[in-house]
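Under our numbering, the final residue of the sequence shown carries the number 317; numbering is consecutive throughout.
I should point out that these hints are in silico values taken from the structure, not numbers from a laboratory. Every residue gets a Cβ at the ideal spot worked out from N, C-alpha and C, and that includes glycine. Be aware that one or more of the hints could be misleading.
To be verified - Here are the simulated EDC-like cross-link-like pairs (lysine to aspartate or glutamate), alpha carbons at most 20 Å apart as the crow flies:
| # | residue 1 | residue 2 |
| --- | --- | --- |
| 1 | Lys245 | Asp223 |
| 2 | Lys199 | Asp140 |
| 3 | Lys176 | Asp281 |
Stated by the list, open to error - So the derived label-pair ranges between C-beta atoms look like this:
| # | residue 1 | residue 2 | range |
| --- | --- | --- | --- |
| 4 | Lys231 | Glu186 | 15 to 23 Å |
| 5 | Glu186 | Ser272 | 42 to 50 Å |
| 6 | Glu246 | Lys298 | 47 to 55 Å |
| 7 | Glu186 | Thr295 | 19 to 27 Å |
| 8 | Thr229 | Val297 | 20 to 28 Å |
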Amino acid sequence: MSKRKLVYRREPIKKYRMHKVKKHWVVKSGVAGAMIVGTVAAPASSFIAQAAEADVMEDGEAFQTQDLERTVDSSIPEMGETPVTTSEEEESEEEQTEETTSTEEPEGKTEETTEKETKSKTARTSESSEKQTRATENEDGTKTWVANEDSEVKVSNVKRLKSDGSVAKPEYTIEKYDAGLSFTFEVDNSKESINVGDKIIIPIYGNSQSNNGLATFNQLAGDIPGIGTVKYISDDVGFELLVAKEIDGRERAQVVMPGQSWNFPKYYSSESKQLECLPIDIFLSGEKIETLTTTFVKSAISAINRSLTHNASARAD
Numbered sequence: 001m002s003k004r005k006l007v008y009r010r011e012p013i014k015k016y017r018m019h020k021v022k023k024h025w026v027v028k029s030g031v032a033g034a035m036i037v038g039t040v041a042a043p044a045s046s047f048i049a050q051a052a053e054a055d056v057m058e059d060g061e062a063f064q065t066q067d068l069e070r071t072v073d074s075s076i077p078e079m080g081e082t083p084v085t086t087s088e089e090e091e092s093e094e095e096q097t098e099e100t101t102s103t104e105e106p107e108g109k110t111e112e113t114t115e116k117e118t119k120s121k122t123a124r125t126s127e128s129s130e131k132q133t134r135a136t137e138n139e140d141g142t143k144t145w146v147a148n149e150d151s152e153v154k155v156s157n158v159k160r161l162k163s164d165g166s167v168a169k170p171e172y173t174i175e176k177y178d179a180g181l182s183f184t185f186e187v188d189n190s191k192e193s194i195n196v197g198d199k200i201i202i203p204i205y206g207n208s209q210s211n212n213g214l215a216t217f218n219q220l221a222g223d224i225p226g227i228g229t230v231k232y233i234s235d236d237v238g239f240e241l242l243v244a245k246e247i248d249g250r251e252r253a254q255v256v257m258p259g260q261s262w263n264f265p266k267y268y269s270s271e272s273k274q275l276e277c278l279p280i281d282i283f284l285s286g287e288k289i290e291t292l293t294t295t296f297v298k299s300a301i302s303a304i305n306r307s308l309t310h311n312a313s314a315r316a317d
């Protein structure tokens, strides 16, 4: 193998002609292996023709390289030269760096958003845990639970009943309303946290007492098989269930308590000079689920009229 060292440099090219073929300039070699054969694109293209110093060039037509050199891109470095970065290129690199930085920012924002979401979920979990542990400790060591607030107990499908057990309508033309009740009761004691002697508040109630009437579900009581006894306490509390038996796992019961009929609370109307009935609202866990009304009115004697003062509430049983 030859050990001759090749040194490349720019030289005028002799014995070579430029022939225009279609839209490209072609440098054709006169001596095989003496020249680099390349294609020069249209005038805007860049190309450098270089010759070996050891090549022998014959005398002949001198080929002027001035036109060819005009097409050479000054941004292409000579062989052996170190590329020089211009200020424009530095600015371009800085812009690319800024773009890269800007594209990395969303990742930080994503992490921040994820952290906030995690905190939010933790807060919701804590709030949920608080709702699950609202049962209050009683002095005798028992607990009082509240249905639809403590996750272990749920009440739904509330309906008022007539004395014969049929569903009552909310509109009346008589003095009395039906005070029977039915509802679905569900309890989950998988954690064995509800024990015999505990009380469960069933928050179904009305507002008759606040209008000087009787308790809305006055004297209504019954049994829930396998669990305990339930009775109406007041319009401020609702029903109270006393757990009388061990609850094993989950229990579901349809409670049916046909009740009596009670008078609507009344008031004296100074306009009609009569006793008129006030409506009664029925609530479940603080949400109004029904309003009872009647068109019944009652004439008031002069003695009752004198004892009542301007729209004051009155009982007329």
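How the hints compare with the structure:
In summary, the hint linking Lys245 to Asp223 is supported, as the alpha carbons are separated by about 12 Å, within the 20 Å threshold. The hinted pair formed by Lys199 and Asp140 meets the criterion: a straight-line CA distance of about 12 Å does not exceed 20 Å. This hinted pair checks out: Lys176 and Asp281 have alpha carbons roughly 15 Å apart, not beyond 20 Å. A hinted range of 15 to 23 Å for the beta carbons of Lys231 and Glu186 is consistent with their spacing of about 19 Å.
Taking the beta carbon of each, Glu186 and Ser272 are about 47 Å apart, inside 42 to 50 Å as hinted. Distance hint for Glu246 and Lys298: a CB-CB separation of about 51 Å, consistent with the stated range 47 to 55 Å. One distance hint, 19 to 27 Å for the beta-carbon pair Glu186 and Thr295, is violated here, with the actual separation near 38 Å. As the Cβ distance of Thr229 to Val297 is approximately 39 Å, the hint placing it in 20 to 28 Å is violated.
In the structure shown, a violation is registered for the earlier hints numbered 7, 8, in ascending order.
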